[in-house]
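Trainee: Line order of the protein sequences matches chains A and B. Okay, so the first sequence: first residue is 56 according to this note's numbering, each after it adds one. Okay, so the second sequence: first residue is 2 according to this note's numbering, each after it adds one.
Certain hints may be false.
[Claimed, not checked] Derived DMTMM-like pairs (lysine to aspartate or glutamate); straight-line CA-CA distance at most 25 Å: (1) A/Lys708 <-> B/Asp244; (2) A/Lys712 <-> B/Glu41; (3) A/Lys890 <-> B/Glu41; (4) A/Lys797 <-> A/Asp199; (5) A/Lys890 <-> B/Glu238; (6) B/Lys5 <-> A/Glu970; (7) A/Lys582 <-> B/Glu242; (8) B/Lys126 <-> A/Glu89; (9) B/Lys126 <-> A/Asp123; (10) B/Lys45 <-> A/Asp82; (11) A/Lys708 <-> B/Asp186; (12) B/Lys126 <-> A/Asp986; (13) A/Lys708 <-> B/Asp87; (14) A/Lys303 <-> B/Asp244; (15) A/Lys708 <-> B/Glu41; (16) B/Lys126 <-> A/Glu154; (17) A/Lys708 <-> B/Glu32; (18) B/Lys126 <-> A/Asp295; (19) A/Lys875 <-> A/Glu1000; (20) B/Lys126 <-> A/Asp151; (21) A/Lys712 <-> B/Asp87.
These are computed hints drawn from the structure, not numbers from a lab. Note that the structure is a prediction, hence the values are computed from the model and not measured.
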Amino acid sequence: MPYQIEISMKPEFPDALGLDVLHSIRDFGIGGVETVRTVQLYLVEGNLAEADAGRIANELLADPVVHDVVVAEAGGTKPGGGVYVVQVTRRPGVMDPVEESVKKGARDMGFELSRVRTGRRFLLTGSVSEDELTLIGKRVLANDVIEDVAFGAEPLAFPSETPRYEFRRVDVPLLDADDDALMALSHNRLWLNLEEMKTIQDYYKKLGRNPTDAELETIAQTWSEHCVHKTFRGKILYNDRQIDSLLKTYIAKVTEDLDKPWCLSVFEDNAGVIGFDEEDAVCFKVETHNHPSALEPYGGAGTGIGGVIRDPLGTGLGARPIANTDIFCFGNVDYPLDKLPKGTLHPVRIMKGVVSGVRDYGNRMGIPTVNGAVLFDERYVGNPLVYCGTVGIMPRKCVTKQPKAGDHVLLVGGRTGRDGIHGVTFASGELTDESERVSGGAVQIGDPITEKKMVDTIIQARDRGLYNAITDCGGGGLSSAVGEMGEKLGVEVDLENVPLKYQGLEAWEIWISEAQERMILSVPQDKIDEIMEVFAAEHVEATVIGRFTGTNRLILRYDGNVLCDLDMEFLHNGVPQLERVAIWKKPENPEPKRPLAVNLGPELHGLLSDHTIASKEWVVRQYDHEVQGASAIKPLVGVNNDGPGDAAVVAPKYGNKRGVVISSGINPFYSDVDPYAMAASVIDEALRNLIAVGGSLERCAILDNFSWGNPNKADRLGALVRTCMACYDIAKGFGVPFISGKDSLNNEYAVGDTTIVIPGTLLISAISVIEDVTRCITMDLKGAGNKLYIIGLTKNELGGSAYFRKHGFVGNNAPGVDVKTAKPAFDRLAAAINKGVVKSCHDLSEGGLAVAAAEMAFAGNIGAALDLSKVPAAADARNDETLCFSESNSRFLVEVTPDSASAFESAMGDSVFAEIGETKSTPKLTVTAIDGSTCIDEELSDLKESWIKPLAW
Amino acid sequence: MKPKVLILRTAGTNCDLETAFAFENVGAEAERHHINRLSEGSVKLDDYHILAIPGGFSYGDDVHAGKILAVEMMAGFAGQLSAFVDAGKLIIGICNGFQVLVKAGLLPGNGNGQSVTLTDNNSNKYEDRWVYLSCETDRCVFIKPGEVIEVPVAHAEGKFVTKDRETLENLEENGQVVFRYVMPDSSPANCSYPQNPNGSVDDVAGICDPTGRILGMMPHPERNIFSYHHPRWTRGEAKEEGDGVRIFRNAVQYVKENLL
């Protein structure tokens, strides 16, 4: 007999979740709610007497010190009057890992539970209308995509069980389809274009039969933009110039030209791999999870980080994850609720959901989140961007893998459900206000503990040499993972062996489901028993689902019935190369009359409060950035541990000072002026950040992650081409190879006949291996009486700057990169830092010199006085406003003690640099204008307040 | 012979590697074992001098933090555990490990089941930040009273509360309060945020059992081993050796003097 157990906080203890929800309801603009209390509901079923249920409630589910407990028969209690009751349960098929934990706990106590169901009851007091209550239920307390909402104290119930799927072969009538019929078939399911559909049709004409549903799904998935990067591999006619593959022509070309011996595996595996020391290598991968995060921010972002963690784990024979990064772009947090495009969630809701999704997954995985950024622009309102990255470490001998014919296909980790069906094809299309309805299935909920168990055991199996190859089940599910691993061999899979979360999945659904926390291993016959023991020892599910064959065919069966028989060659190489036209024309933006302001102090305060520049401490502290005990430079630095560090440093081998520096560069605003300048700038920024803490270009590699609009539109594609051109020129110039990358296209949001297009957004992530982490420095000023130097030339480059944005302008002169002078300056600065002659260093980026100086000063609580007349500048930049706020690249502000000044100056050689001021014991930032007057004179505490306040939620 | 440490791990444990290193760093021999090895009997608690339950999210912190592992331990090894303690051996629970020890009733271990707990932070969220701890008692073998150490906390459920005032007073009278959060100048935090990062009553950050050989603490000493772990080492504020080392060294020293 089932019992409904209800757990709530005793009245004398605060109800944390309730308070959180109350806050969110107010964020949502509903002021009538006065209090929110929450009740955790469990429905447990088993052969239980009432006393047994009481024991489970009191000794397992409740904490006797803080909780009140009610055990009721099925149906539960009814709260008294005067409260609004809203109940949230997960939709059938959306798993809650808590249910398994409850079963385990009860089993340890001696009770076998057949079923457990969880839910949450919210009790609201105050005064709300029925409409408001509906909004609160559907938009704050629950997400329709994954949860059901009930208004009233509905009894919890177990979902009805679906019967096991019985095989039914479905042939799709393709042979006789005309163009319209082909496209109708593709629409909202396959997301392939007409030429691709015709190529498939031709293939089946030759075979003389129609494809099965599973074959079509497999092809669509393998040929999706997400999996084959058609845009980056396609032909492009750009301003009369023929480009055959952006990837080969620009991105991978850098790596090929530089030919660094320490690049161990690039662009071929799930992550790029570089040498760390004699024994080990490090790998790095960054992914986007944009579309899912738009619909279900918590689940989308959580599975985003969960997914990218599996990339290093699936690289070579598997790397142990040692650090995460995350970079987000959201709509403005003050976006008016009533202007929100139909079908979108408010940016605050998205941001809170994304941050907690990354937090809960990353923290539970025990991987420190060490570096990141958050940017805001109204064009991200329908398409927030969520970039997640993971760095891993592995023995050098594990860098390569090779599945062999005869090996078992071993599926390890989580069970398969309907989660994420059509995720990659969905990600390859545009979002519309219908997306939530059409693509709900594409959103997934993560279970980090299942993934953690999987990582723990796979590393053991790796170290014992128990498999020949490994890859992750990510986008495209088994189809992608098994299909790619078996590309050169051929593979047979019996889909009925795949463990399911619940019955009823059709065979093709099992094959393309993107259920999380799964890996595929290629295991030789003589190792299979031993590897199964490794997984069983820690209760990790592992199942043989097939075999690699050597026949070069992909054969899928269900209960012995063949539902897919495809030629690997056609599947992997049959996709026609796209041919597209691209155009780019420099936009003519209105140029503001200068100066925009004469009183620069308030301007500086305004910039520090720009949400993109303002402190992200609220985000950073929620991430565990020190787990694994390898942190050497933390994301927050300075006298109060709250200054904005430029890059993170970790020393992953205990007792060894060798480390990696991890940084990033992103600035989509320059795309509005020139995507070439944007790309050049973000490469420069990622490298500046890395140099600023003590990294070097010597063993430094970068990753590219493009989030772009619809590449079928010539202007979007033209901008992308320019971006790639800059990637080649600038990365080559700095001598840093690309080792991995990813693109997320079609980030456009259509509602009615308007389309919101995100600005072209390139994230560059950089990693540098350094010998000794104790040579590193941080950006906070260290002491009074030191000299302040600027490195690099300041130009009239305010186009796309935070300063222009603040005044409502974009402008036309975005910062360029003069790599010929920048590279030697970076190298010299790196050497100077390594020699120990630099006390602190900060890169100049958004908000320019004034913002950088303010940040250094308040992070160290040391005053600073700068003289603009001493700043090396181009002739047309010699005015106070430009010198303070121009965002010219390749610049740093550094602090040097008088004793080290001559060593520093000689280290910098003939690079452009100048002493422009000094540090002071008075906690103020003062800036002397060119004419000798004082143009900024601000208390550090006030400046810091402006910077801290906007996002101190 | 080196003192032997069992680092107990299970699904969701994630501070086991650095905790093992922290012990090895001071001359112990640390082995990491999954709790299933204890259940099947291939690993025996009796073979070790120190049991460490590291930080993490055991079983996802499902139900509430540390609970599922606490139930598993008490259902499976209550006898082994009490024999271990009776033999004069040591147990340390850090962060999630502290939550486990409390929910298992091993701390404060005054014989009345669970009388204290660790619940949601006052700040209502997970936070990673550095704190100052004063070492409060001469009862606990892991510390030397009077010292102040710097270590980080990283948790969402770390607010120490007792079921009543009397329980708290008893802990204080018995010298079972091991660590308190204090201000940078070592004066009492008096619940001020963020120096007391979670709102723990009377600033309690760690407690021990009446023998002083079972320690539970929310902060992470294993994250302050090297000077460069300190958040302000680039400002010259770090010592040559991280403060966290002392706790592990004291434990190992105790074993060497009393159990070997």
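Trainee: Now look at each hint and say whether the structure bears it out.
Mentor: Checked hints:
no. : hint                   : verdict
1   : A/Lys708 <-> B/Asp244  : holds, 20 Å
2   : A/Lys712 <-> B/Glu41   : violated, 39 Å
3   : A/Lys890 <-> B/Glu41   : violated, 55 Å
4   : A/Lys797 <-> A/Asp199  : violated, 30 Å
5   : A/Lys890 <-> B/Glu238  : holds, 20 Å
6   : B/Lys5 <-> A/Glu970    : violated, 57 Å
7   : A/Lys582 <-> B/Glu242  : violated, 45 Å
8   : B/Lys126 <-> A/Glu89   : holds, 21 Å
9   : B/Lys126 <-> A/Asp123  : holds, 22 Å
10  : B/Lys45 <-> A/Asp82    : violated, 54 Å
11  : A/Lys708 <-> B/Asp186  : violated, 34 Å
12  : B/Lys126 <-> A/Asp986  : violated, 50 Å
13  : A/Lys708 <-> B/Asp87   : violated, 37 Å
14  : A/Lys303 <-> B/Asp244  : violated, 52 Å
15  : A/Lys708 <-> B/Glu41   : violated, 32 Å
16  : B/Lys126 <-> A/Glu154  : holds, 24 Å
17  : A/Lys708 <-> B/Glu32   : holds, 18 Å
18  : B/Lys126 <-> A/Asp295  : violated, 56 Å
19  : A/Lys875 <-> A/Glu1000 : violated, 39 Å
20  : B/Lys126 <-> A/Asp151  : holds, 21 Å
21  : A/Lys712 <-> B/Asp87   : violated, 41 Å
Hint check: violations occur at hints 2, 3, 4, 6, 7, 10, 11, 12, 13, 14, 15, 18, 19, 21; the rest are consistent with the structure.
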